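Chemist: Same order as they appear, the protein sequences are chains A and B.
Going by our numbering, the letters in the first sequence line up with residues 1 to 245, in that order.
Going by our numbering, the letters in the second sequence line up with residues 1 to 287, in that order.
Wrong hints could be hidden among the right ones.
Unchecked claim - Pairs of lysine-lysine, DSBU-like flavour, derived with a Cα cap of 30 Å:
hint : chain 1 : residue 1 : chain 2 : residue 2
1    : A       : Lys-12    : B       : Lys-133
2    : A       : Lys-29    : B       : Lys-74
3    : A       : Lys-128   : B       : Lys-73
4    : A       : Lys-103   : B       : Lys-132
5    : B       : Lys-110   : B       : Lys-74
6    : B       : Lys-78    : A       : Lys-212
7    : B       : Lys-178   : A       : Lys-128
8    : A       : Lys-25    : B       : Lys-18
9    : B       : Lys-74    : A       : Lys-212
10   : A       : Lys-128   : B       : Lys-14
11   : A       : Lys-103   : A       : Lys-72
12   : B       : Lys-18    : A       : Lys-212
13   : B       : Lys-73    : B       : Lys-232
14   : A       : Lys-103   : B       : Lys-110
15   : B       : Lys-78    : B       : Lys-229
16   : A       : Lys-220   : B       : Lys-143
17   : A       : Lys-212   : B       : Lys-110
18   : B       : Lys-143   : A       : Lys-128
19   : B       : Lys-133   : A       : Lys-25
20   : B       : Lys-143   : A       : Lys-103
21   : B       : Lys-63    : B       : Lys-74
Derived from the structure by calculation, the hints contain no laboratory data.
Quantities reported herein were computed from a predicted structural model and do not represent experimental measurements.
Chain by chain, the residues run as shown.
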Amino acid sequence: MKIIKEFGQFIKMFNGMFRTPENRKMYWKQFMLQCNDIGIGSLGIITIISVFIGAVSTLQTAYQLVSPIIPKTTIAQIVRDSVILEFAPTLSCIVLAGVVGSKIASELGNMRVSEQIDALEIMGINTKAYLILPKILAGLIMIPLLIIVSMVLGIWGGRLAGNLSGIIDASIFDKGVLMDFLPYNVIFALTKSFVFAFLITAIPAFYGYYVKGGALEIGKASTRAVVVACVLLLLADYVLSFLML
Amino acid sequence: MIEIKNIKKSFGNKTVLKGIDSVFFDGKCNLIIGASGSGKTVLIKCMVGLFQPDNGEVLYAGKNFFDISNVQKKNIRKEIGMLFQGSALFDSLTVEQNVMFPLEMFTNDKYSIKRKRVNEVLARVNIVDANKKYPAEISGGMKKRVALARAIVLNPKYLFCDEPNSGLDPQTSLVIDKLIREITTEFNITTVINTHDMNSVMEIGDNILYVFQGEKEWEGTNKDIILSKNEKLNDFIFASAFLKDAKTMRTIQETGVIPEGIKEELRDSIEENLNIDLDKDGFIGKN
Ligand SMILES: Nc1ncnc2c1ncn2[C@@H]1O[C@H](COP(=O)(O)OP(=O)(O)O)[C@@H](O)[C@H]1O
Ligand SMILES: [Mg+2]
């Protein structure tokens, strides 16, 4: 029941968000700041998880494929496809929901509770346009880029692990990665990451922007934002896989 | 001049403002006083349009704020400065950037000009050598002053202050009050101040609106307030026995009339509290 009411409010949030900026330069500055926060700010964690996920999937795939009939290149193919289709977009975005989402929710929540949003409104600034929109746009641009980075690093991590553990030679891995490569998979993954990027930024922005109360409520709102974003992200993952594969 | 007419506001089934009329004058410190929870903040937020009142009008120079186009609203907003209860400085910006923010948003001036203006207003509120500090690094009184500087940087016609003294010691409060008063007269601003601080009331109360449980209970100046017979107002202002007695004394002095009962019950209390002797008619004797 609560979630339905929240959904209604969420839709209403977009009402009045798309207005001419009071000052283009300031909006651009805000947008670049968000791009930096979301993109550069999350690069470290994305690097770490992508490399490890790729590495682990090489080891596990090799463990499951013990038959001598199956060529080793298959391992590389499986790693490539699972990284591109699922691990890079979905797992990275779940992590980003935590990292970026909680930051957005608590930042806006703090601004609301300490009346900074009111202060902007008083000056005659459209706070939805100035505070929320740049975050969503920055997410829509930076998160798919992060996912591309994640794909590359994931596959590289798989190659590295295969090489280090002696399971599969780098040259064989490379051959496998290029074998029967479907560009459509990348398109699918990028479509997913656009949808996820929207969920990761818009939902926490909503919970943060409309916080009522004090510090305690900011914490609650940010937790709720991350939980709702993650659940919807997985739901969207299922729906998109159903529709597009 | 700002005029409000029959402002009503409810949240759910809780009625906070029950129809308030008043006038706030140019170049004056217009005070809204009342106990905590009486609806002062809600009233001020209705006046600046942060809340939409359920009923009533807020007239800025005769134009109803809720009856005009968005463009006109934005134009009035540019003439409004507001000092929030918790200062509401932007955490991620330095003192200088905070004060410069409205200039960056609404002017096309060169950086050197903006910087000059920022230093000007910061000096006006007696902030020096704090330009590069972040809000978390300065004291509450400084935050209020920086917030005041930000509120006046665009030369507003209207200045709203929500509890400018809350959380400050009496001396710092007085400094803030004096600043607001000086700025108000200097630039002929229509200043509206929410407060429950009696020092401010006496110091800067040119025009006072007393709100009791969402209704206008009394209106007047800081001179009238001492002589007012309004029970609820007196309960609010002279909350302590000491102040009540002081008020009675003052009334006796001003009017020469001794209130009923003064001779018997209150006499001792007055003598004790104010450390004076009353002669048999109730006037101050030679001590
Ligand atoms: N956004 C809101 N939603 C619901 N109730 C509110 C809201 N803002 C204020 N109130 C209620 O209005 C009443 C008056 O509050 P306020 O104007 O803040 O009092 P004060 O005179 O101390 O400034 C309080 O009882 C408060 O609970
Ligand atoms: Mg208040």
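Chemist: Give a verdict on every hint.
Modeler: For each hint, the structure was consulted:
no.: 1; hint: A:Lys-12 to B:Lys-133; verdict: 38 Å, violated
no.: 2; hint: A:Lys-29 to B:Lys-74; verdict: 22 Å, holds
no.: 3; hint: A:Lys-128 to B:Lys-73; verdict: 17 Å, holds
no.: 4; hint: A:Lys-103 to B:Lys-132; verdict: 25 Å, holds
no.: 5; hint: B:Lys-110 to B:Lys-74; verdict: 23 Å, holds
no.: 6; hint: B:Lys-78 to A:Lys-212; verdict: 27 Å, holds
no.: 7; hint: B:Lys-178 to A:Lys-128; verdict: 36 Å, violated
no.: 8; hint: A:Lys-25 to B:Lys-18; verdict: 44 Å, violated
no.: 9; hint: B:Lys-74 to A:Lys-212; verdict: 25 Å, holds
no.: 10; hint: A:Lys-128 to B:Lys-14; verdict: 28 Å, holds
no.: 11; hint: A:Lys-103 to A:Lys-72; verdict: 43 Å, violated
no.: 12; hint: B:Lys-18 to A:Lys-212; verdict: 24 Å, holds
no.: 13; hint: B:Lys-73 to B:Lys-232; verdict: 37 Å, violated
no.: 14; hint: A:Lys-103 to B:Lys-110; verdict: 34 Å, violated
no.: 15; hint: B:Lys-78 to B:Lys-229; verdict: 41 Å, violated
no.: 16; hint: A:Lys-220 to B:Lys-143; verdict: 28 Å, holds
no.: 17; hint: A:Lys-212 to B:Lys-110; verdict: 39 Å, violated
no.: 18; hint: B:Lys-143 to A:Lys-128; verdict: 26 Å, holds
no.: 19; hint: B:Lys-133 to A:Lys-25; verdict: 24 Å, holds
no.: 20; hint: B:Lys-143 to A:Lys-103; verdict: 25 Å, holds
no.: 21; hint: B:Lys-63 to B:Lys-74; verdict: 13 Å, holds
The structure fails to meet hints 1, 7, 8, 11, 13, 14, 15, 17 from the earlier list, while all remaining hints are met.
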